[in-house]
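Participant: With chain W held as given, fit chain S onto it using these hints.
Heads up: the sequence lines are chains W and S, in that order.
Per numbering that gives the first Met the number 0, the first sequence starts with residue 0, numbered consecutively.
Per numbering that gives the first Met the number 0, the second sequence starts with residue 0, numbered consecutively.
Check each hint, because a few of them may be wrong.
20 Å max Cα-Cα, derived SDA-like pairs, lysine to any residue [as the list claims (entries may be wrong)]:
hint, chain 1, residue 1, chain 2, residue 2
1, S, K331, S, V294
2, S, K149, W, N239
3, W, K89, W, L192
4, W, K302, W, Y265
5, W, K349, S, V294
6, W, K345, S, I144
7, W, K345, S, K331
Honestly, the hints are just simulated from the structure, not real lab data.
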Amino acid sequence: MKRTYTLMLLFCGMMILYSCSKYRFDQKSLPALETEWLLPLAKGQFGFEDIRELSNINSSYLIPAMDIGFVEGVQVNVPALDIPQVGPYKQALSDWIQAIQFDSLNIRLGFNNLFPIAIGQGTAFTFRNSADTNSNSNIIYSHTISQQINPTEQYSFDVVIGQNQVSDTIYIYLEHFKSPGGTVTFATTPCQLSVELKVVDLKKVSLYPDKSLRSYDTIDVEWGEQEEDFEDTLSGARLNIYMENAMPLNQYLQIYFLEPNSSFIYDSLFTAAINLSGCQTDQNGTPLNTTQSQSVVDISLNKIRRIRQCRQIVLNYDLNTLGYPQPLIHAGEQTFFKLQLSGDLKLHLKLD
Amino acid sequence: MRILLTLCTLLYGGWALQAQTNFYTFTDPHLANQASANLPSLLGDHTKTGEFYPFALYAGFGNNFISAADINQFTSADILGSEQINEYLSKLKASNTIWAGYQLPLFNFYFNIPKKRKPFISFGFGAKNQTDFSLDFNREMLELILRGNKNFAGQTVSLSPSINLLSYNELFLTASAQFQITDWKSKNIIRVKPAIRVRYLNGLAALRMPTNTLEMYTDPEGKYIDFATDMRINMASAVDTPLLNGAFGENLAGSLNGGGQGWGYDLGVGVYLLKNLQIHAALNDLGGINFDRNVINYSKQGELRYDGVNLNELNNGSDSLFQIGKLEEILKLERSFESFRVPLGAKLILNGQYGLKAKKRRRIPYFVHNLSATYVQGMADYLNTTTKPVLHAGYTYSFLNILNIGTGMTLGGLNGFMAGAHLSLKANFFKLGFASNNLLPLISDKAGRGTDIHVFLGFSF
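Extracted from the complex, chain S is given alone in its bound form:
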């Protein structure tokens, strides 16, 4: 573990990571079924017969470019001079992201079908609402806003802001089955557990920018500014999507059926190498949603030059010089209404779990010490996923499999470095818990780039 952490620390300098995954569920055995939302092959683990969760909420926010300490510093200054701005800009990354999102399961039900008193097939079904929002912009864009364009004279600057929002309801059905590769009676039993999760998705709202090229060139003498754009914005919502230059439609109540439908898939496999060592892999969030109701698309392609008010248009007489010349034409977007598809943020998750000091309570085996390590690799920089990897290490101590407490550390993510803690209680039929993957903002506002929270209430039987 020490070697692993050292390796992670060495690699950290080269990463600019982001990903919003509820890591600690992988570490706490009480939450195996909830963790199956990300690692389907954990479905049914540490479960006697079944579990039902009427309430569970995961919500978080974060960014990778400004902390609460920075905001405090800015608000206490009278004037942000170039020195302070330079200092702040030097902290920025090439790509800067704000993310906020939540997952609100409406109900989740999981149960096992045993074979020879051992778990064999596990099922689960439920519903949840999920929303993710992300805003990406590069360093140059913020520098342009904070310092003006003079600094970029003679340069082509790529601004390329990207805004993405996806909100949907899902109904899911998940299943896993265990197979042994070696004989049951052999000392080296290896169990393989493939799993799948199928999700019917009802899209509530989407805002997507599949292309977001916006380049600006300022002539060194300021005679003109060239814009090169290749932008496309897809928008849809359950209610009438508002026009950028208009208001909401009138048919509010009659159009709450969702803007689109689609399917999502999570595939996973777990390999139980030893009784206390297991590894899991999952390919999550495959599929997407086709939005075909209340759709508006905006696009702008081409090159434009702004070279000032055209004095040739100045009428003879007393017209004011300063009423002429508008940038409206440059900013005018083409509008269309064809359907579009929003993919989910696909990602690969690899997880290893190691248990020490095996015990059993009420026929359910557990480990007093639980260690886990997780690696997340997203397939796109989009919503709650990223192409850059994230590494998480966690530990849980179990008091009689009743009270589990633990901690975890994440390298990467929007918050850069996170350290969190969790607590879950399993008493008779009841299960409840509270956790956060990042409690560092409680200690220092310099770490205050974001946090997340997970609370749940469930029943086990």
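Same shape as in the complex, but just chain W:
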């Protein structure tokens, strides 16, 4: 019996030693995975409101003492004032635009009173569609100041106004210009008026044909990861770019990568830039058709490495109305430009 037990123990011991030899895993490193992901990367739908060059207008004006009837550099006795209109100060929208109908328009105004006299309450900043000040029908917006603006004081307002329309030029007046007056000397420095208009919600815009606009936007980029981490992750990519143009604007797009030190262009995203024809619209600005396009960009690991070195990219786009019939092109609220980017990414994932 003892012999049997001894043999059994010996057998068990040998089995344990044998099994231990089976379970020695190679611990040098864990393997990497080669995975392929088809992912939506970015999307966007843009309208006229997003074209800053056309929908955003900034202007500034100087208002000298002469505009309110006084000379500079000599002491004058200014009586109490109530001038019906000071101005107009004209703001041309754009040489592209004949007229805009909007659902909402953002007006920002800043005024720096560098006159030696106060500007009294009741004075109004009025935006008109024409120079005619006898009619109220051409008023886009009128803002009456509720408190006196003392010399060297600044005044501003920011307002969004509802449905209206503007023609190619806006006329800005200071109406009912009031002042308590005083014995003062007007300096040679005029008052400063700055105005920013932004179409927030477009109803319809009428554009002139044969116009062109080329823009270069420089954007800072932060890639975020360490180089070696990235090398372990992305081993190749294919970008699919889907575009649909329902705006009466021909579009051109290229993205350039700048060399980190010299800021010279040393690579571009697209081998051939994207050229997308504009659509046709009716008199109401409704698109009659859309233009669709798809671009495929294969990005090798070497290209990715080069791109990752850059710290700035240049977004170069060109908008034009070349080839459209005279006299006007209409773009309504239903016009859009749609962009969708998807990536076919080959990822090299280390399990360590």
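Facilitator: Below, chain S alone, put in the same frame as chain W:
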């Protein structure tokens, strides 16, 4: 037996079985009282007056999708290319499961009340701690992780991972009584032995996913990915349940009272057809635990579409394009704190035992050769049970009813095919033993999908 095994082998190809039951206790007569945890009608069998077990541990783990040999193969490769991944994925089953669990009885006491010197009523009581964890995921989910989603472009993929955890303490009381259907003096005595086991359950921790629908659709051109979710996660623990995005609560020591209470029931009946032939049936793990303390529920229902960073949100100026657009909204879960119920993993167990070469030692009859066959059918795919059947066959040789040694074979389970061995010693008052239902990993790492172990020390009187 040969016919039975042949039948099992033929059927095996169609099964993807899983169940974690300590089968060998059904085969070894020394362990009849311990086996009554699964087959209540075995209570009191092969027992002179009573038994007391101050220590007994059953623990195991297993999975049905990766072996130690596979892990070895993966870790020795530098790069897992598509060929190796395809080879591995082809081995996967539709549903892949990891299970780990243990049962730790704190004490068990069993005794018989005889009638006319024959066992009539048997009782038992005790306490134990039990924990089970299971993780289920389908083939597509692992394929998505290993290969990416390009392979699923244009398809709706059901990912549906399911994680379940249940840990509880129980106090149990069990009883059985024997009745004869025919006359005692008749040659064909048939004894019927109904049994019941009632368990008071004190839940320590639970993690349950009653619904786990997660579907993903990748547009063929990659323009968008749609997610359809109907997920609910119930969580509770004895200490403050940690938030998924937070830390443990401060009231650690003051909240160790258990997260919930409940009752569990096991019902069984044994029929002793002949002196050496008996069959048993049990309906186990009925009932459940209501968790109402330290509860957190997470849920997500609905459909979501991710179509990339929204460039319309890009501010004018120098904002980096790549800082915008997060998937947080898609992954955000709704949180609530209502109580929930966790059912036990109910299962049906059928067992037949056959003895050869009857002997008697110290007034206790025993058989030298003991054969058993067991069939387990779970009522749900959950924790340590499954809706798919498991079949076990075992043999025990008894040396004078002192030393019992035997072996057993299981078809199914997480490990696919298991073969184990057991040894128990009953010397005077002492009882001790050691067993495993799966010793194949000792022989081959290809069989290394999991194993279990049972050790115990007890006293018999």
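Participant: Are the hints correct? Go through all of them and say.
Facilitator: Each hint tested on the structure:
1. The straight-line distance between the Cα atoms of S/K331 and S/V294 is roughly 19 Å, inside the 20 Å bound, and the hint therefore holds.
2. Pair hint S/K149 plus W/N239 holds up; C-alpha atoms about 14 Å apart against a cutoff of 20 Å.
3. Between W/K89 and W/L192 the alpha-carbon distance is near 12 Å, which keeps this suggested pair within the 20 Å criterion.
4. Simply put, W/K302 and W/Y265 have alpha-carbon atoms about 11 Å apart, close enough for the 20 Å limit, and the pair holds.
5. Note on W/K349 and S/V294: the hinted pairing is violated, with a Cα-Cα distance of about 37 Å set against a maximum of 20 Å.
6. Annotation: proposed proximity of W/K345 to S/I144 holds, straight-line Cα distance about 13 Å (limit 20 Å).
7. Between the alpha carbons of W/K345 and S/K331 the distance comes to roughly 28 Å, so the proposed pair goes past 20 Å and is violated.
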